[in-house]
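Chemist: Using the hints provided, position chain B relative to the given structure of chain A.
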Amino acid sequence: MRDWQPFLGLPLWVWLFVFPTLLALYCLWQGPKAARLLAPIWKLLDRVYRISGVIAACFMVLILLLIIAQMVARWSSMTFPGSTEYAGYAMAATSFFALAFTLTQGGHIRVSILLNLNQSTKLWLDAAAMLVAAITATYFARYAIKTNIMSQVLNDRTQGQDFVPEWLLTLFAMFANSPTRWEEMWAKTGSDWVYTPVWLPQLPMSIGTVLLAIAIWDYLIRLLSLRETQIQGEVLE
Amino acid sequence: MSELYATAIFLFVLFTLLGGSVWIGLALMGVAWFGMELFTTRPAGDAMITTIWTGSSSWTLTALPLFIWMGEILYRTRLSQDMFRGLAPWMRFLPGGLLHTNIAGCTIFAAVSGSSAATLNMVGKMSIPELRQRGYPEFMIIGTLAGAATLGLMIPPSLTLIVYGVTINESITKLFMAGVFPGLVLAGLFMLYIMFWHFTYKDQRPEPEPTMPLLTRIAESRFLIPLFGLVFVVIGSMYLGYATATEAAAVGVVGALLLSAMQGSLDWTTFKEALMGATKTSAMIAFILMGAAFLSLSMGFTGLPRALAELIDSYNLSPVALIAVLTLFYLILGMFMDGLSSVVLTMAIVEPMIRSAGIDVIWFGIFLVVVIETAQVTPPIGFNLFVLQGMTRHEIGYIAKTAIPMVGLMLLMVVILVIWPELATWLPENIRKGPGG
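Top to bottom, those sequences are chains A and B.
Residues 1 to 237 (the numbering used here) are what the first sequence spells out, left to right.
Residues 1 to 437 (the numbering used here) are what the second sequence spells out, left to right.
Chain A on its own, in the form it takes in the complex (with noise of 0.2 angstroms):
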């Protein structure tokens, strides 16, 4: 276990990984009383994915209108720079967006040969699976995070032709810091546009892993409070 600084004291896997394990347990214990406790974070969680899920159905049609404007491009003999890695960059979006969104939907598929076996088993297989793509995804989480914070700091620029203009870095970039810093950020800022960083469109792959772990951890805990599953409609092979 390399790579785990701690955080207040504690190794970040610590929190990562056993913190949520025992609120699960306790909501096991709990059982329909948690469930009462939780129904407003619920409420509030399942927006949270419905928006997540649109933001990415919009980021579908910025692919289609992106490839429409290099075909116009191509056909009127005009070039549209960049349009190649800006179409990869909101595939990535939509990819990420929709993955909470799509999980809470049983929109995404697994074996399901041993889960359908038998109906007492089936509780607790489905809660040990769950586990395990909790952990695995909040790991996914972690790094995507990681990874995206060291483009920033390494200032990793595209290979490809495309560029965004500054203001848009400024705009993300003021979240990352305090805003006594804003007024020096926003006057620094010129009007033109620089090769993209990669930091920017890799955001969606951190806010779109977050959310996948945070809907996994919140299924499970779901499914203990509850024992039946809370995933809709899930398309069991």
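Mixed in with the good hints, there may be bad ones.
[Unchecked claim] According to the in silico footprint, chain A covers these stretches of chain B (three or more CB under 8 angstroms from chain A):
#1 28 to 41
#2 54 to 62
#3 236 to 247
#4 283 to 292
#5 330 to 340
Simulated from the structure, these hints should not be mistaken for lab results.
Glycine included, C-beta positions come from ideal geometry on N, C-alpha and C.
Modeler: Below, chain B without anything else, positioned relative to chain A:
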């Protein structure tokens, strides 16, 4: 010996996670992580994200959501009714009668949709009740539908071929073109089967349809003409090199929107449903691909693919024998997994094998689709069977029995592909080079 030990652990984890009903994308990531930790000292997490980011932000992949979206839009139109009404007057004359609408309908819808379940739903929704009403035997209605729906993955666009192409880094346009003739030949085989039934079981034939004047026939099929137009634009633009696969998909989405607007079935609700449905399906596949990208990186470190390729080499198997072994392997795998997952799971191992045996990878893609689709109509896990079960309320055993002749025909198709590989390789070799490249 410790290498062997580690490989055993690796495989054990693989089967435990997949069998233990962890979502396939995450299961693949988990296995890949084990592989990295067991076989290398490279930091697993960082390598994982680099691979996944490169894979999921690739331009080639953008064809996937667009083709899914196109299918979703058309799925929500009144195409299903129009298809039956438009095709029926033309199929009347063939021996076997309206049963051919199942095959023709599936072939046409396959050319605008990349999934066999969608094709099945779309065609079956209308043809099952209509054919029943006309007194065709249930056994034939369901069997031909189960078989013909598999054309959804053969005839371009095909989601499985996109996934295959992205996984092994081959041109999706070429793969699509390779699927055209084998798809048509397979459709032809199904039609021959219907004719065979017609001449063998004379007592099962229903009453012949009343004749219809030519003008009425054309009027009945007026809705099919724009659909044919869309098919020709999408496939033609790829063949003539005017558009890459992604661009053809974009044209397809726009065309599908126009078509459904023309029919009057496009409103905000259907648009939203189609878009959200496409987003979900696309995310589901993208997620599996993320896991697969990391797994194939990790698999490379385990040395498993190389060892297996060497093993196959040492047996001195001829390509035909290798194909026979792989057919059996994929049929068995298909009993437990869906088609997409079995492609991504195995390609890291199978790709070096087929390349070293000198098998054309484009041809292999088509072979793979036929075999995987065969597995989709054989029990215990056959997705098409489940869809049909939902539609007809028959027992799965009965549906599987109706599909057995189709399974035979599809295996015959594998033999045909082996004997005449040009069927798959000729068209992609003759694509015109266009500005899109």
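Chemist: Test coverage of the stretch 54 to 62 of chain B by chain A using CB-CB distances below 8 angstroms; three residues minimum.
Modeler: holds (count 6)
Chemist: Taking a Cβ-to-Cβ distance below 8 angstroms as contact, does the stretch 283 to 292 of chain B have at least three residues touching chain A?
Modeler: Three-residue rule met by the stretch 283 to 292 of chain B, so holds; n is 6.
Chemist: Has the stretch 236 to 247 of chain B got at least three residues whose CB is nearer than 8 angstroms to a CB belonging to chain A?
Modeler: Answer holds; 3 residues pass the 8 angstroms Cβ test.
Chemist: How does the coverage statement for the stretch 28 to 41 of chain B fare against chain A, requiring three or more residues with Cβ below 8 angstroms from a Cβ of that chain?
Modeler: holds (count 3)
Chemist: Three or more residues of the stretch 330 to 340 of chain B near chain A by CB distance under 8 angstroms?
Modeler: holds (count 3)
This entry satisfies every hint, going by the numbered hints stated previously.
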